[in-house]
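Peer 1: Spelled out, the chains give:
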Amino acid sequence: MYDIDKVRRDFPMLDNKKMQNKPLIFLDNASTTFKPQCVIDKMNEYYTEMTSNSHRGDYDLCYNIDVEVAKTRKEIAKFVNSEVNEVVFTSGDTEAINLVAYGYALDNLKKGDKILISITEHASNVLPWYRICQLTGAEVVFVELENKRITANSVKNAFNKYSNIKLAAFAHVGNVLGYEINAKEIASICHSHGALLLLDGAQSVPHMPIDFKDLDVDFLTFSAHKMCGPTGIGCLVGKYDLLQKMSTFHLGGGMNVKFNKDMELEVLDAPAKFEAGTLNLSAIMGFGEAVKYISNIGIENIHKHDQELFDYAISKLEKEDKIIIYNKDSRNGIISFNIKGVFAQDEATLLNSKGIAVRSGQHCAKMIDEVIGEPATVRMSTYLYTSKEEVDAFIDALINGGDILDAYFN
Amino acid sequence: MPILTNEMMRAVIMDHSSNPTNKHTPKGEGYHKVHMHSDNCIDDLDIYLKVENDHIIDACFEGVACTISLSSTDIMCDLMKGKTTKEALYMIEQYQHMMHEEPFDDEVLDEAIVFVNTSKQAARIRCATIGWNAANSILKEGK
Numbered sequence: 001m002y003d004i005d006k007v008r009r010d011f012p013m014l015d016n017k018k019m020q021n022k023p024l025i026f027l028d029n030a031s032t033t034f035k036p037q038c039v040i041d042k043m044n045e046y047y048t049e050m051t052s053n054s055h056r057g058d059y060d061l062c063y064n065i066d067v068e069v070a071k072t073r074k075e076i077a078k079f080v081n082s083e084v085n086e087v088v089f090t091s092g093d094t095e096a097i098n099l100v101a102y103g104y105a106l107d108n109l110k111k112g113d114k115i116l117i118s119i120t121e122h123a124s125n126v127l128p129w130y131r132i133c134q135l136t137g138a139e140v141v142f143v144e145l146e147n148k149r150i151t152a153n154s155v156k157n158a159f160n161k162y163s164n165i166k167l168a169a170f171a172h173v174g175n176v177l178g179y180e181i182n183a184k185e186i187a188s189i190c191h192s193h194g195a196l197l198l199l200d201g202a203q204s205v206p207h208m209p210i211d212f213k214d215l216d217v218d219f220l221t222f223s224a225h226k227m228c229g230p231t232g233i234g235c236l237v238g239k240y241d242l243l244q245k246m247s248t249f250h251l252g253g254g255m256n257v258k259f260n261k262d263m264e265l266e267v268l269d270a271p272a273k274f275e276a277g278t279l280n281l282s283a284i285m286g287f288g289e290a291v292k293y294i295s296n297i298g299i300e301n302i303h304k305h306d307q308e309l310f311d312y313a314i315s316k317l318e319k320e321d322k323i324i325i326y327n328k329d330s331r332n333g334i335i336s337f338n339i340k341g342v343f344a345q346d347e348a349t350l351l352n353s354k355g356i357a358v359r360s361g362q363h364c365a366k367m368i369d370e371v372i373g374e375p376a377t378v379r380m381s382t383y384l385y386t387s388k389e390e391v392d393a394f395i396d397a398l399i400n401g402g403d404i405l406d407a408y409f410n
Numbered sequence: 411m412p413i414l415t416n417e418m419m420r421a422v423i424m425d426h427s428s429n430p431t432n433k434h435t436p437k438g439e440g441y442h443k444v445h446m447h448s449d450n451c452i453d454d455l456d457i458y459l460k461v462e463n464d465h466i467i468d469a470c471f472e473g474v475a476c477t478i479s480l481s482s483t484d485i486m487c488d489l490m491k492g493k494t495t496k497e498a499l500y501m502i503e504q505y506q507h508m509m510h511e512e513p514f515d516d517e518v519l520d521e522a523i524v525f526v527n528t529s530k531q532a533a534r535i536r537c538a539t540i541g542w543n544a545a546n547s548i549l550k551e552g553k
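Top line first, the protein sequences correspond to chains A and B.
Position one of the first sequence corresponds to residue 1 (this note's numbering), numbered consecutively onward.
Position one of the second sequence corresponds to residue 411 (this note's numbering), numbered consecutively onward.
Hints listed in this document are in silico derivations from the structure and should not be mistaken for laboratory results.
By construction, the Cβ of each residue, glycine as well, lies at the ideal position given by its N, Cα and C atoms.
Keep in mind that the hints are not guaranteed to be accurate.
Listed next, the stretches of chain B that the computed footprint assigns to chain A, with coverage defined by at least 3 CB atoms under 8 Å from CB atoms of chain A [to be verified]: (1) 420-426; (2) 435-445.
Okay, the calculated beta carbon distance ranges per label pair [what the hints assert, rightly or not]: (3) B/Gly-438 to A/Phe-142: 35 to 43 Å; (4) B/Thr-435 to A/Lys-110: 21 to 29 Å; (5) B/Asp-515 to A/Asn-400: 36 to 44 Å; (6) A/Lys-156 to B/Glu-511: 37 to 45 Å; (7) A/Leu-127 to B/Glu-439: 46 to 54 Å; (8) B/Lys-530 to A/Gln-37: 27 to 35 Å.
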């Protein structure tokens, strides 16, 4: 039995917090998530008990922080089923994708080559590829969606339509519509055509079991802050032989073996070669604790909880004529919708006035309007601590919330 | 300043957002144009001002925006027309003061007073000022 009350007690942000003088209901978890006390304590522990630099000293404090960094790497590897040395720390998902762009694609793509993405992608999985194409002469091409989704069939069609696709990059779960792609089958299709697959796991890794080895994707990226961890930390999980072949992106201390006056440089093995400079050590400790916290609750349980809330919310919302839902069947903790005749931002402001946090707009996926036929949507997104009562309050606000200008005049 | 009840203020906002009379591209030449967009809203507007002999001859705008952006920009365009640059800049300054709950000269704000409650929804201040900021940059920098 999933004990939602027990889970909620772990989060200081759920302890009687108010917004607009109303009890705070946080339904913007696709954007970021609250942190349990254990993560906050672990981060503080770095500053109060363990402050030192990693790989930089011969004393116990330094050794201890190295152990903590290694522990987090091991927790993450276990969580996504990769090898420990396949986990590279980055500042987040965005930097992880940029690392593949600049460390792999820049060296390996040339004029005539193609990168396959979709119009549903977040900016972080579009713009690095645009830049790589500008630098190499390669070209970004878009998969044709089938019923708003990237399917194995649509990817096959793309390979038939375009020659020389060298890399595909898709969100595992879309951040606007929440559809999950069949990563394993798509990876297999990519590999059969000699292309690599980067899987953006920002919206999947926090919410569902992921097996890096079984999916056989080449790169997996995600951020800690969307999974109860701190901001400013995330990772790239990459197949080790690919990581070894990749160029370094940032250069500096901690990533090299030696260098000399002839500008010769020998770099460390992956993952260290990508981790130049002082790492975000407090955040790494918090990240490890967050993964441990989620693992203890059970990622399968979290996924089931998201899906139950999704089904419950959809069953209520679809009875309302005035509500247009864009992803009734995605079942991944994200619902994108509009109220007929109401601009998305206006609805989000009305919800804010009732203490309910949602996001409106294009959610950084600025080509999504072509898929849904609207310039903006309201997005509500749940996580392991979202209660049925909160979903009820949200639905009540949508149905009986009054006029959008109440936000200013009531 | 006109004395308006909440109901009247709501009606003014809704009227200007549903039927923005200044929402069109300029008819004719000689307009300064500034493109404005918002990081936290969908607002994506082009603002046009025509200034001759230090007087604002015309103001209009085009684009996509939320209720508050649309209505505040439409009202601003109404109020700009016929003002001298100096008068318009003073009005913009007072409007900004009102947005941030600072003392302001309500005599010059006319209908724009309907946005007096914007600070209750701080995330929308950017929307209520988007057109006004555009006009400010045009008038100050001649952009």
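Peer 1: All hints are to be evaluated individually against the structure, with a verdict given for each.
Peer 2: Comparing the hints with the structure gives:
1. Given a C-beta distance limit of less than 8 Å, the hint that chain A covers the segment 420-426 of chain B holds, as 3 residues qualify and 3 suffice.
2. Only residues whose beta carbon comes within less than 8 Å of a beta carbon in chain A count, and the segment 435-445 of chain B has 0; fewer than three means the coverage is violated.
3. Distance hint check for B/Gly-438 and A/Phe-142: the Cβ-Cβ separation is about 40 Å, which falls inside the suggested range of 35 to 43 Å.
4. The hinted window of 21 to 29 Å between B/Thr-435 and A/Lys-110 is violated, with their beta carbons roughly 43 Å apart.
5. Range check, B/Asp-515 to A/Asn-400: Cβ separation about 40 Å, and the 36 to 44 Å hint holds.
6. Taking the beta carbon of each, A/Lys-156 and B/Glu-511 are about 58 Å apart, not inside 37 to 45 Å as hinted.
7. The beta-carbon spacing between A/Leu-127 and B/Glu-439, approximately 37 Å, falls outside the hinted interval of 46 to 54 Å.
8. In this structure the hint that B/Lys-530 and A/Gln-37 lie 27 to 35 Å apart at CB holds, the actual value being about 32 Å.
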